[in-house]
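Taken in order, the sequence shown gives residues 1 to 550; the numbers are from our numbering.
Errors might be hidden in some of the hints.
Pairs of lysine-lysine, DSS-like flavour, derived with a Cα cap of 27 Å [to be verified]:
no.: 1; residue 1: 405; residue 2: 72
no.: 2; residue 1: 287; residue 2: 270
no.: 3; residue 1: 57; residue 2: 449
no.: 4; residue 1: 454; residue 2: 388
no.: 5; residue 1: 468; residue 2: 405
no.: 6; residue 1: 454; residue 2: 403
Simulated restraints on C-beta separations [as the list claims (entries may be wrong)]:
no.: 7; residue 1: 438; residue 2: 510; range: 45 to 55 Å
no.: 8; residue 1: 377; residue 2: 309; range: 21 to 31 Å
no.: 9; residue 1: 317; residue 2: 59; range: 30 to 40 Å
FYI, nobody ran anything at the bench for these hints, they're computed from the structure. From the three backbone atoms N, C-alpha and C, an ideal C-beta is built for every residue, glycine too.
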Amino acid sequence: MTKELEREHRGKTPGSADCNGHTQYTEDVEVDEVDKLKAKLISVWNNVKHGWVVKTKTSFNRHSPICLLSKKYYCISKDGTRKPGGGAQPEQVSVTPSWNVDGGGERRGGTTPPAACADFTAFRRDFATRVWITYRREFAQLEGSSLTTDTGWGCMLRSGQMLLAQGLMQHLLGRDWQCSEAIHLLESENESQKKMQSPPGDSDFLVVGVEHAGSHVYAQPASVLLSSDDQEAILAEVAVHRNIIRWFADTPDAPFGIHNLVRLSRSSSKRAGDWYGPAITAHILKKAIAEVEAKLLHNTVMYVAQDCTVYKGDIMDLCRAEASDVAAGQSHATHPKGPEWDSELVVGGNPSPAGNSEQDSGWRSVFILIPVRLGGEHFNPVYIACVKGMLEMDSCIGIIGGKPKHSLYFVGYQDDDLIYLDPHYCQPMVDFTQPDFPVDSYHCCPPRKTAFTKMDPSCTLGFYCRTKEDFTAFCSTVTQVLATPSQTCGAHSGRTPQQESYPVFSFVEGHSSDYVEDEPRPERRVRLLHISPKSGNFVKHGSSEDFVLL
Numbered sequence: 001m002t003k004e005l006e007r008e009h010r011g012k013t014p015g016s017a018d019c020n021g022h023t024q025y026t027e028d029v030e031v032d033e034v035d036k037l038k039a040k041l042i043s044v045w046n047n048v049k050h051g052w053v054v055k056t057k058t059s060f061n062r063h064s065p066i067c068l069l070s071k072k073y074y075c076i077s078k079d080g081t082r083k084p085g086g087g088a089q090p091e092q093v094s095v096t097p098s099w100n101v102d103g104g105g106e107r108r109g110g111t112t113p114p115a116a117c118a119d120f121t122a123f124r125r126d127f128a129t130r131v132w133i134t135y136r137r138e139f140a141q142l143e144g145s146s147l148t149t150d151t152g153w154g155c156m157l158r159s160g161q162m163l164l165a166q167g168l169m170q171h172l173l174g175r176d177w178q179c180s181e182a183i184h185l186l187e188s189e190n191e192s193q194k195k196m197q198s199p200p201g202d203s204d205f206l207v208v209g210v211e212h213a214g215s216h217v218y219a220q221p222a223s224v225l226l227s228s229d230d231q232e233a234i235l236a237e238v239a240v241h242r243n244i245i246r247w248f249a250d251t252p253d254a255p256f257g258i259h260n261l262v263r264l265s266r267s268s269s270k271r272a273g274d275w276y277g278p279a280i281t282a283h284i285l286k287k288a289i290a291e292v293e294a295k296l297l298h299n300t301v302m303y304v305a306q307d308c309t310v311y312k313g314d315i316m317d318l319c320r321a322e323a324s325d326v327a328a329g330q331s332h333a334t335h336p337k338g339p340e341w342d343s344e345l346v347v348g349g350n351p352s353p354a355g356n357s358e359q360d361s362g363w364r365s366v367f368i369l370i371p372v373r374l375g376g377e378h379f380n381p382v383y384i385a386c387v388k389g390m391l392e393m394d395s396c397i398g399i400i401g402g403k404p405k406h407s408l409y410f411v412g413y414q415d416d417d418l419i420y421l422d423p424h425y426c427q428p429m430v431d432f433t434q435p436d437f438p439v440d441s442y443h444c445c446p447p448r449k450t451a452f453t454k455m456d457p458s459c460t461l462g463f464y465c466r467t468k469e470d471f472t473a474f475c476s477t478v479t480q481v482l483a484t485p486s487q488t489c490g491a492h493s494g495r496t497p498q499q500e501s502y503p504v505f506s507f508v509e510g511h512s513s514d515y516v517e518d519e520p521r522p523e524r525r526v527r528l529l530h531i532s533p534k535s536g537n538f539v540k541h542g543s544s545e546d547f548v549l550l
């Protein structure tokens with residue numbers, strides 16, 4: 001009983017005794033103040049620790065294509081005018097916030113060919129369009145805690161938010177859509193450094209200011225004269241983009257905000273301040289999608305693979321919507337509950353075109369998340385080719401993983417490096433109650449890279465299929481990618497090196513229920529054997545994690 005009272009009065013200070021001699025307690029304000037001070041210090045230290053990365057250079061090989069979520073950009077013309085080899089060292093293109101490579105083709109220490117400039121600029125614009133979600137501070141206290149920031153523990157949830165945001169953008173706007181506000185931010189940085197000129201072959205850009213939910217800036221080619229319908233369509237798309245960002249607001253009522261994700265994590269025995277892994281994050285996102293009441297998302301579902309196995313039949317059943325379900329969804333969309341999260345999607349009295357996207361009758365769009373492990377203690381290089389193949393797929397929306405206790409959102413690659421967005425920079429929360437809330441802190445201009453070998457083996461792969469045809473194409477493509485030959489294993493115990501198959505995950509027909517055994521097998525354990533990248537031999541690590549085979 002005494003311990004219960006201690007727990008009950010923890011965080012309170014004793015006051016005067018009442019007439020019965022019982023001590024009265026009052027809330028200890030100092031505890032909250034100390035927690036807030038600690039949170040501020042953690043945020044400052046975090047930005048000292050990770051903020052310098054934002055200002056560092058990132059080099060890209062001009063002779064190698066850059067892959068960004070299924071799209072490839074060539075920094076050198078593909079007609080063979082300049083090819084790697086011939087004894088020449090690969091030339092590097094360095095990227096900094098002040099743009100070592102500018103729009104005019106000049107760079108410090110040399111000249112970039114016009115063909116390289118045009119494609120590299122397109123890559124930069126595509127990258128800047130991706131939604132960048134980072135640590136935030138000064139938001140409302142998270143449920144069950146006094147925390148007002150997720151600095152130091154919420155990076156995996158932020159990476160998951162970025163993955164979902166990319167999926168929502170592909171669902172509502174399409175993969176080819178680019179954010180004019182992000183492009184304007186990109187070009188503003190160049191202009192502030194006096195390094196940005198119009199790339200040869202590109203149209204000059206004209207700043208078109210249109211009054212819509214505040215003064216927003218849209219960059220459009222000067223040579224294009226937009227009709228009123230086109231302008232309205234552009235405004236509608238911008239409104240959809242801004243609304244997607246609002247869904248991730250750091251407020252308790254945002255469907256995909258940090259507050260709701262922490263609330264949904266309670267069923268997984270997680271709370272604010274805990275470390276979240278990529279698999280748990282995938283299941284939290286699934287719950288968030290299932291609960292969302294936004295009318296544009298009433299016909300979407302999320303599938304999370306179990307035990308690195310994707311069952312085609314389960315996804316088909318999940319995506320097939322009965323007519324009654326679709327009707328219910330339409331009725332639900334007409335009278336949404338809670339905040340009007342879709343209120344900005346009506347422009348000029350007409351619904352946003354994103355809300356009227358064509359969809360197969362009786363078919364739900366699906367986000368497919370697959371938690372996998374690409375090695376034991378460290379990333380196994382045999383998976384590099386397969387991961388590249390995944391990032392090249394049209395349906396890919398990225399990978400969440402990163403380094404141990406340091407989550408990143410991977411969106412592409414070049415050579416043996418992954419391209420990523422980093423959630424570790426802490427920023428103040430954005431006030432989304434303002435109609436003209438700024439979005440610049442939700443877009444990152446400089447791309448960053450890290451070696452495949454530095455990737456943590458535990459990660460979650462993300463895919464999106466809008467229609468049944470998209471899912472059929474996904475099934476066909478992913479089967480080919482999973483069959484990508486792995487690197488040759490070295491000799492072990494006198495065996496000759498041979499080509500072995502190490503599938504990232506299994507993609508099978510049927511349902512998971514078809515493979516459930518009536519009688520459980522006895523539990524078995526296996527200790528991982530690692531392949532040495534130098535010798536190719538199997539190496540046993542004493543600290544390897546034991547895995548249970550059921």
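Now the hints, each set against the structure:
no.	hint	verdict
1	405 - 72	30 Å, violated
2	287 - 270	14 Å, holds
3	57 - 449	10 Å, holds
4	454 - 388	15 Å, holds
5	468 - 405	37 Å, violated
6	454 - 403	6 Å, holds
7	438 - 510: 45 to 55 Å	49 Å, holds
8	377 - 309: 21 to 31 Å	23 Å, holds
9	317 - 59: 30 to 40 Å	47 Å, violated
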